[in-house]
Amino acid sequence: MSDTLVEPVEEAPAPEPRWWQRPETKSIFWLWLTLTIVGLCFSWVPAWLLGGSASDQMRDIEQTMTIFTAAAAPVAALVWAVIIYSLVKWRYKGDSPPPDDAPGFDTNVPTVVIWVIGSAVLTLFVFVWGLIKIADIPSAGGVAALPAGSAIPIEVQVTGQQWVWNFTYPGLGGIQSDQLYLPVDHPVTFEVTSNDVTHSFWIVQMGVKVDANPGAVTSTVVNPTTIGTFDIRCAELCGILHAAMQTQAKVVSDKDFAAWTAQMKATAPAPLPSDEGGG
Amino acid sequence: MSVTAHDEATEKSPRASVPGGALLGRMSILTAVGVGLIATIAAHYAAVAFFVEPVLPEGTDPPAALAYLLENRIALTTMFGWVVGFMIGIGALNGPFRWLLGQDLTDEDLLFQAGKDQGVKRYFRFTTDHKVVGIQYLVITMILLGAGGTLAMLIRTDLMTPETKFLGPATYNTIVGMHGIIMIIATIVMVTGPFGNFILPIMIGARDMAFPRLNALSFWLLASVVPVLLTVPFLGGMPTGWSAYNPLADQAPPGMDAFVVTIIVFAISSAVAGANITTTAVKMRTHGMTWTRTPIFVFGVVASVGLAIPVFPAFMASQVFSGLDRAGGLTFYDPSGGGSGWLYANLFWLMGHPEVYVILIPALAALLELTPVFTRRPLFSFKAAVIAIAGIVGLSVLVWAHHMYVSGWAPKLGGPFMLTTEMISIPTGLLFLVFIGTMWRGRVWTRLPMMAVYMMLWNFVIGGITGVYLSDIPVATGLHGSMFVTAHFHYTLMGAALTGTMGALVYWFPKMTGRMFDERIGGWGFWIAQIGFNVTFIGMFMVGFAGQPRRVFNYSSVFATGNFVSTMGAYTIGIGMLVFLYAIISSWRSGQVAPANPWGGKTLEWQVPTPVPLENFDVLPVITADPYGYGRQPAPKPTAGART
Numbered sequence: 001m002s003d004t005l006v007e008p009v010e011e012a013p014a015p016e017p018r019w020w021q022r023p024e025t026k027s028i029f030w031l032w033l034t035l036t037i038v039g040l041c042f043s044w045v046p047a048w049l050l051g052g053s054a055s056d057q058m059r060d061i062e063q064t065m066t067i068f069t070a071a072a073a074p075v076a077a078l079v080w081a082v083i084i085y086s087l088v089k090w091r092y093k094g095d096s097p098p099p100d101d102a103p104g105f106d107t108n109v110p111t112v113v114i115w116v117i118g119s120a121v122l123t124l125f126v127f128v129w130g131l132i133k134i135a136d137i138p139s140a141g142g143v144a145a146l147p148a149g150s151a152i153p154i155e156v157q158v159t160g161q162q163w164v165w166n167f168t169y170p171g172l173g174g175i176q177s178d179q180l181y182l183p184v185d186h187p188v189t190f191e192v193t194s195n196d197v198t199h200s201f202w203i204v205q206m207g208v209k210v211d212a213n214p215g216a217v218t219s220t221v222v223n224p225t226t227i228g229t230f231d232i233r234c235a236e237l238c239g240i241l242h243a244a245m246q247t248q249a250k251v252v253s254d255k256d257f258a259a260w261t262a263q264m265k266a267t268a269p270a271p272l273p274s275d276e277g278g279g
Numbered sequence: 001m002s003v004t005a006h007d008e009a010t011e012k013s014p015r016a017s018v019p020g021g022a023l024l025g026r027m028s029i030l031t032a033v034g035v036g037l038i039a040t041i042a043a044h045y046a047a048v049a050f051f052v053e054p055v056l057p058e059g060t061d062p063p064a065a066l067a068y069l070l071e072n073r074i075a076l077t078t079m080f081g082w083v084v085g086f087m088i089g090i091g092a093l094n095g096p097f098r099w100l101l102g103q104d105l106t107d108e109d110l111l112f113q114a115g116k117d118q119g120v121k122r123y124f125r126f127t128t129d130h131k132v133v134g135i136q137y138l139v140i141t142m143i144l145l146g147a148g149g150t151l152a153m154l155i156r157t158d159l160m161t162p163e164t165k166f167l168g169p170a171t172y173n174t175i176v177g178m179h180g181i182i183m184i185i186a187t188i189v190m191v192t193g194p195f196g197n198f199i200l201p202i203m204i205g206a207r208d209m210a211f212p213r214l215n216a217l218s219f220w221l222l223a224s225v226v227p228v229l230l231t232v233p234f235l236g237g238m239p240t241g242w243s244a245y246n247p248l249a250d251q252a253p254p255g256m257d258a259f260v261v262t263i264i265v266f267a268i269s270s271a272v273a274g275a276n277i278t279t280t281a282v283k284m285r286t287h288g289m290t291w292t293r294t295p296i297f298v299f300g301v302v303a304s305v306g307l308a309i310p311v312f313p314a315f316m317a318s319q320v321f322s323g324l325d326r327a328g329g330l331t332f333y334d335p336s337g338g339g340s341g342w343l344y345a346n347l348f349w350l351m352g353h354p355e356v357y358v359i360l361i362p363a364l365a366a367l368l369e370l371t372p373v374f375t376r377r378p379l380f381s382f383k384a385a386v387i388a389i390a391g392i393v394g395l396s397v398l399v400w401a402h403h404m405y406v407s408g409w410a411p412k413l414g415g416p417f418m419l420t421t422e423m424i425s426i427p428t429g430l431l432f433l434v435f436i437g438t439m440w441r442g443r444v445w446t447r448l449p450m451m452a453v454y455m456m457l458w459n460f461v462i463g464g465i466t467g468v469y470l471s472d473i474p475v476a477t478g479l480h481g482s483m484f485v486t487a488h489f490h491y492t493l494m495g496a497a498l499t500g501t502m503g504a505l506v507y508w509f510p511k512m513t514g515r516m517f518d519e520r521i522g523g524w525g526f527w528i529a530q531i532g533f534n535v536t537f538i539g540m541f542m543v544g545f546a547g548q549p550r551r552v553f554n555y556s557s558v559f560a561t562g563n564f565v566s567t568m569g570a571y572t573i574g575i576g577m578l579v580f581l582y583a584i585i586s587s588w589r590s591g592q593v594a595p596a597n598p599w600g601g602k603t604l605e606w607q608v609p610t611p612v613p614l615e616n617f618d619v620l621p622v623i624t625a626d627p628y629g630y631g632r633q634p635a636p637k638p639t640a641g642a643r644t
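Protein chains in written order, with my numbering: chain A, 1 to 279; chain C, 1 to 644.
Just so you know, the hints here were simulated from the structure itself, not pulled from any lab data.
In this text, a Cβ means the ideal position worked out from N, Cα and C, and glycines have one as well.
Heads up, a few of these hints could be off.
In the DMTMM-like style, the derived pairs of lysine to aspartate or glutamate whose C-alpha atoms are separated by at most 25 Å in a straight line are [stated by the list, open to error]:
(1) A/K255 x A/D196
(2) A/K255 x A/D231
(3) A/K89 x C/E615
(4) A/K250 x A/D101
(5) A/K89 x A/D100
(6) C/K412 x A/D100
(7) C/K165 x A/D231
(8) C/K383 x A/D101
(9) C/K412 x A/E155
(10) A/K93 x C/D334
Which stretches of chain C does chain A cover? Using the computed rule of at least three CB atoms under 8 Å from a CB of chain A, they are [what the hints assert, rightly or not]:
(11) 232-246
(12) 288-295
(13) 374-384
Covered stretches of chain C, as calculated for chain A (at least 3 residues, CB under 8 Å) [claimed, not checked]:
(14) 35-48
(15) 118-126
(16) 465-472
(17) 514-528
(18) 549-562
Work out the full structure: start from the sequences and follow the hints.
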């Protein structure tokens with residue numbers, strides 16, 4: 001992947017036709033190559049910092065981070081190679097302006113053209129990559145591509161209000177909870193709204209994020225792939241306790257989910273007290 | 001830049017020192033504060049007497065809503081009273097009042113108004129000399145940056161460890177919002193204010209701005225509204241951050257009204273400044289200064305203030321609507337009355353994204369201006385730089401909804417907005433080429449302004465690349481609203497724009513103050529701040545990746561390490577900035593006296609004496625060459641290699 005991206009920028013700073021013969025070109029090339037390789041070697045770091053994935057969307061995000069970092073490595077390396085070299089080799093120290101001027105050429109059209117084409121190609125790549133990936137994110141205009149033959153999605157109505165999340169399962173007798181329980185490997189649609197101000201519903205490890213707007217319903221889809229407990233936070237400043245507006249998403253096996261559903265139906269047939277503000 | 005005497009001797013003749021000024025001679029910041037306070041009190045009591053029974057929308061809870069609307073009406077009226085009183089007291093309306101009486105200012109009055117023979121007092125008056133206004137802007141910028149920086153220290157101290165939270169949640173939110181808006185205002189004016197006013201007219205060979213009185217008006221409007229902004233914490237604060245999202249802002253205490261007034265007045269101030277600077281640059285360039293002989297800094301400043309002209313009214317409108325919702329009981333943003341928070345978000349980001357280029361472009365342009373001086377090379381591909389600036393400006397008004405990728409508003413527009421956003425990286429990348437092309441085989445004179453170029457390039461590469469991550473919807477879905485975003489825009493606005501401004505200050509310091517900047521002490525401050533800066537925001541990137549939301553007063557212990565690193569880095573920035581501030585003050589007071597052209601620059605501001613006389617030029621210069629003729633003087637010598 002990175003090979004195709006490297007070429008346009010590699011030639012970019014060449015000021016003269018015989019640029020490959022100049023000593024600084026060779027030095028900068030090796031410096032650039034070294035920095036690029038270092039960058040490529042560390043391009044897994046952002047995805048690693050994201051801290052694990054619990055859905056396909058999150059895996060997409062990790063993959064995108066890694067690819068973009070790798071694609072950015074030669075670009076950053078080029079700028080840094082030139083500035084490091086110039087600082088070391090073209091340096092003039094003195095208290096008054098340098099007595100002699102540097103070469104007086106003021107542009108180099110091939111360089112500019114190659115540079116623009118190179119950055120346009122990179123931009124196009126980034127754009128097309130994003131378009132392909134948002135096909136999986138309904139809240140961003142994509143059409144959720146659920147695996148063929150997968151079950152009918154569970155619908156969860158998510159309601160944000162200062163400063164709690166509420167989850168209602170209309171397909172399961174309207175049970176309500178302030179924690180999100182989901183069966184593993186079973187698609188879920190979220191219908192998200194708010195009772196007061198704008199919140200943003202964020203399941204961190206699943207890469208799910210969509211705003212909860214008062215007076216409107218936004219929706220998104222996820223297919224949890226990992227059993228475990230994950231973090232739900234609010235990602236839009238919603239007042240003084242914004243930081244505390246968090247809860248947990250528990251992804252459990254089908255059996256455990258059925259047990260939880262049964263228990264919820266048995267113990268809390270009536271709406272939860274926390275629903276009093278909502279409609 | 002070659003300068004020859006302009007043949008037609010202009011009308012300027014030595015004028016005798018005259019008193020002039022009339023009433024203006026008695027007006028200063030003291031009368032402004034006095035009249036302002038009287039007007040504040042008068043407006044307050046008028047509002048209390050006048051606004052007795054607000055009309056309520058159907059179905060609202062009468063007592064609470066009544067008190068709420070009344071409170072906001074009184075607050076807004078009182079604050080506008082202050083602004084109007086302050087402007088009358090400073091003498092901003094003397095001219096219009098005289099026109100009402102069928103008179104105009106006399107020649108002597110104009111000279112007085114330009115600050116002739118008034119010493120230090122002219123900095124505290126409604127003075128029209130662009131150099132005075134430039135210094136005024138420089139001082140107010142430093143005050144604002146100091147205030148915003150102090151708040152940043154409070155924020156980082158609160159976040160040092162998961163246990164250190166010493167600010168309550170309401171105080172914390174107010175401080176975050178105040179830090180945001182103070183820094184936004186400071187960074188918007190930090191280049192176009194001081195250098196756009198002081199340097200730009202000299203650079204283009206003009207005696208003053210096109211509209212000197214508007215120039216003073218723009219500064220004093222800003223000065224009048226800073227105290228209003230500072231009342232926010234004392235009026236219940238603002239829970240919203242500087243983005244002031246509605247409908248959250250709708251339920252906020254009267255501190256929010258102070259924010260509303262601040263933004264409305266600041267938008268007027270920037271519109272006035274924008275019209276003035278744009279007109280000056282377009283119409284007042286001296287003889288022979290064609291567009292290709294106009295320094296790149298002029299393009300950068302015009303791009304910035306010109307971009308502000310169409311976009312700031314959107315911000316102003318957003319706050320006018322907010323004020324009407326709060327004080328008039330209207331429902332622009334209230335879904336129960338047919339309004340929508342998305343309306344606010346659109347208006348806000350219509351300004352909010354172009355605004356980052358309003359901040360960034362002039363700082364980059366200042367560095368583009370000084371890079372040829374310190375590399376003794378022509379600016380590489382001047383026309384590409386101009387096209388790049390124009391491209392950024394053009395695209396920047398088409399990208400706002402990338403801040404709303406996850407908002408649910410128009411999800412189908414995600415793709416188009418992703419395209420326009422990512423296209424900005426093409427002209428931005430071109431600016432990088434201009435920088436490194438200008439360094440290429442240069443004689444790099446490693447003085448402090450040039451070091452700012454290096455650090456800007458380092459920081460802006462990181463800020464730019466993280467911006468490309470965020471422009472892509474899959475990544476934005478993961479990282480939107482997280483500390484990653486905070487770190488990203490600090491890398492651009494601080495790492496690139498503020499670093500550029502520090503370089504510009506050191507570069508033009510000799511011309512503006514008549515003294516050399518102490519690069520030894522100032523250099524320590526600069527480098528300490530740069531190291532601290534990179535430490536702070538690398539730590540913030542880490543916790544952002546890991547999922548820490550922005551604007552939280554408290555966080556899970558899994559984010560402890562990155563936050564501690566950030567806080568230590570922030571203290572380092574604080575120390576560095578204090579050292580840099582000390583260098584500014586001590587150099588200004590007692591630095592080495594500067595020669596007229598310490599850097600060997602070829603632009604016009606280095607050809608006039610220091611200190612720059614009133615009206616800058618005895619005889620207006622005529623321009624015969626571009627300002628970057630390094631390495632090809634006296635005559636362009638044919639060197640081997642590609643040339644166009």
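Now for the hints, and whether the structure bears them out:
no.: 1; hint: A/K255 x A/D196; in the structure: violated (36 Å)
no.: 2; hint: A/K255 x A/D231; in the structure: holds (22 Å)
no.: 3; hint: A/K89 x C/E615; in the structure: violated (43 Å)
no.: 4; hint: A/K250 x A/D101; in the structure: violated (68 Å)
no.: 5; hint: A/K89 x A/D100; in the structure: holds (16 Å)
no.: 6; hint: C/K412 x A/D100; in the structure: violated (58 Å)
no.: 7; hint: C/K165 x A/D231; in the structure: holds (22 Å)
no.: 8; hint: C/K383 x A/D101; in the structure: holds (22 Å)
no.: 9; hint: C/K412 x A/E155; in the structure: holds (22 Å)
no.: 10; hint: A/K93 x C/D334; in the structure: violated (63 Å)
no.: 11; hint: 232-246; in the structure: holds (count 5)
no.: 12; hint: 288-295; in the structure: violated (count 0)
no.: 13; hint: 374-384; in the structure: holds (count 10)
no.: 14; hint: 35-48; in the structure: violated (count 0)
no.: 15; hint: 118-126; in the structure: violated (count 0)
no.: 16; hint: 465-472; in the structure: holds (count 5)
no.: 17; hint: 514-528; in the structure: violated (count 0)
no.: 18; hint: 549-562; in the structure: holds (count 8)
Comparing the model with each numbered hint stated earlier shows that hints 1, 3, 4, 6, 10, 12, 14, 15 and 17 do not hold.
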